[in-house]
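Number of protein chains: 2
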Amino acid sequence: MTGTDGRARLGEMATPHGPVQTPAFMPVGTQGAVKAMLPRDLIEVGAEIILANTYHLYLRPGDERIARHGGLHRFIGWDRPILTDSGGYQAFSLGERRTIDERGITFQSHLDGSEHLLTPEKATDIQANLGSDIAMVLDECLGYPATRDEAAASMERTLRWEARCRRRFLELRDEGGEPASRPGGDHGALPRRGPEGVGGQAQFGIVQGGTHIDIRVASAQATVELGFEAYAVGGLSVGEPPSLMYETIGETTPFLPEDRPRYLMGAGTPVDLVEAVALGVDLFDCVMPTRNARNGQLFTSDGRLNIKNARYSDDPGPADPRCGCYTCRNFSRAYLRHLFVAGEIAAATLNTLHNLTFYLDTMKRIREAISFSSLDQLKEDYRRVFSRRPVNS
Amino acid sequence: MTGTDGRARLGEMATPHGPVQTPAFMPVGTQGAVKAMLPRDLIEVGAEIILANTYHLYLRPGDERIARHGGLHRFIGWDRPILTDSGGYQAFSLGERRTIDERGITFQSHLDGSEHLLTPEKATDIQANLGSDIAMVLDECLGYPATRDEAAASMERTLRWEARCRRRFLELRDEGGEPASRPGGDHGALPRRGPEGVGGQAQFGIVQGGTHIDIRVASAQATVELGFEAYAVGGLSVGEPPSLMYETIGETTPFLPEDRPRYLMGAGTPVDLVEAVALGVDLFDCVMPTRNARNGQLFTSDGRLNIKNARYSDDPGPADPRCGCYTCRNFSRAYLRHLFVAGEIAAATLNTLHNLTFYLDTMKRIREAISFSSLDQLKEDYRRVFSRRPVNS
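Protein chains in written order, with our numbering: chain E, 2 to 394; chain X, 2 to 394.
Think of the hints as simulated: they come from the structure by calculation, not from any bench.
There could be a bad hint or two in this list.
Identical chains share a label here; the pair holds if one copy fits it or two copies do between them.
[Said to hold, decoys possible] Below, simulated SDA-like cross-link-like pairs (lysine to any residue); rule was C-alpha separation at most 20 Å, straight line:
1. K380 - T270
2. K365 - T5
3. K309 - L112
4. K380 - T5
5. K309 - G63
6. K309 - H57
Looking at chain E on its own, in the form it has when it is part of the complex (with noise of 0.2 Å):
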């Protein structure tokens, strides 16, 4: 940590590609791919680290096919830090496509239907073959509402995989092979690429235990127990109201060591970015940015703004006059209205690249309000500005 302001802090975390300043947001590359964006897009808007989903990139190419090319980094064009999930939350949403026992889980691809057993060992090995610079263990993932003992039960399963998960994760390690993660030291000090050139592969726990503090609490101290190289808050952002989530993540940050980074998995708005960073989040990734950018909403410092409004039509401004990203310096709402309208792939591209650009910023504005102890003030002002509805809808 290089600085705090209240419960927020400011970071840097070295991974195997290079180091991150937190807090940090990572876009979603669910299929290797940041949807509508290069790697050079990514670079320009500002990410330093991406996301990538396990479950897609096993399906589709085949984690093994992506090991012979090299690892993930390699296959896809991007040097700087990737996390992948562990593949538990896709395989899981696939509702009747699959079951869930102490084994793992059970799927049918959605691709080909074919039945595949996502077990922790195997999420592990898959991650592995990934090269990933973070993986995360594969744990249950709780629908929202659930009740008191289905939420225990769930924990109690997600911490027996996790265990699995870590077990199998340093036999890899020590067979020498990826991941060759080493305990990291200060938060900012995940493991460093070797002078090998490989591994260096750290593994992150998940805390579960829905929205009832105490099971999140005790999900908390045996995850530590467990000793991973940092820790994640994950299953909210599920359809529980905001002011619970806050609460569940407030309620449970403190059960974390301060010296490592802290993930809130899947969020969120920019509100929840800046709410969860003054509750002590320093990671996040969300295809909010991404997906809505595709159905033309737009994030901006006056809000969301609907650029498929008829009402656009005319307007010669762009997105965001307080935005400088190539979208807003080149194009009118006008032209991203017709783009959107006429399906143009265009329109995808624009659309992102200021959705991304907007949330990167975020990042770098939160960083910069901790480093001046002013995030109270930023959390108002997000609070404000994003309480209104989207201007024309």
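Since the structure of chain E is provided, determine the placement of chain X on it from the hints.
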């Protein structure tokens, strides 16, 4: 003209938005965007001029809206030259949704079924509103095959429409509005942007006549008699054998002024480009590089390559080892195949970047070959490479 090699010509075409090195290829930006490209991508691949479609822009977002926005260049964020077609070809292609009579083409919008009458005057007005550097006359597009009588009647109607287009164009110019064209001088001396910073649009006539040589010759002579800034050969690349297309071009270009650019509309394959240049053509447009890219077909120095083929699943090499584009510098065939199979937008972007680079590089090779009097050799090379079947289809 700055050089020749046989009948091939090297030149520079001046426009209100700067010069174009000829022979030149124009990527097609149907709806005000070259599909999957941003303006910066087009500059990167070396495009000096693009084509936009009057039919599409007239219907959506509307030429008057674009005029209010300061013209097409400003609207789409492209400050290099733009050529607009007349809308005739698209309207003609609507089949049962259009009827043609002496007035013009009556058609139903493919968007909402609304009825429109595209007259020669209207096509000229729309292009004036768009403010393109080069406007095309409205011509009647003849299918292939067509009888002598059909071809003669259609050519005669095109001539009458061309005369009406020219009259309207000169009226607009005399009114001092856009287009404010001035008759050009040498080839390469299309009117330059006036001190007022507007206007300067040029208008190209179009030679028709199917594949009936004497009708083509009559069309060329009569069109030149009408007096345009330059001339196009239309109605080819519509299903006739390549040899017949080349023959028709070769019999037509001698009747077009040597000091004006000659534009072969809607062609073609890489071989078509080289063959037609050798017959005295200077300008081309075609959707092939962009459309084929989106369908997974890449043009390479070894011929065509279908990236979706399973044989590329593990291929670590670039699409074209002799290409220096962003795609070939950074990504493997295996990754390009993965993106295509996964339906990622990046597949369209990367494939289009490559194919347009190949086309624009081809034009550069052509210009170099003319300057070194080695176009025959280049023609043989392209014939040989592209006579192969795609290695994988």
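Cross-check of the supplied hints:
| no. | hint | in the structure |
| --- | --- | --- |
| 1 | K380 - T270 | within (12 Å within a copy, 57 Å between copies) |
| 2 | K365 - T5 | within (15 Å within a copy, 57 Å between copies) |
| 3 | K309 - L112 | between (32 Å within a copy, 16 Å between copies) |
| 4 | K380 - T5 | within (15 Å within a copy, 67 Å between copies) |
| 5 | K309 - G63 | between (37 Å within a copy, 16 Å between copies) |
| 6 | K309 - H57 | between (31 Å within a copy, 18 Å between copies) |
Consistency note: the structure conflicts with none of the earlier hints.
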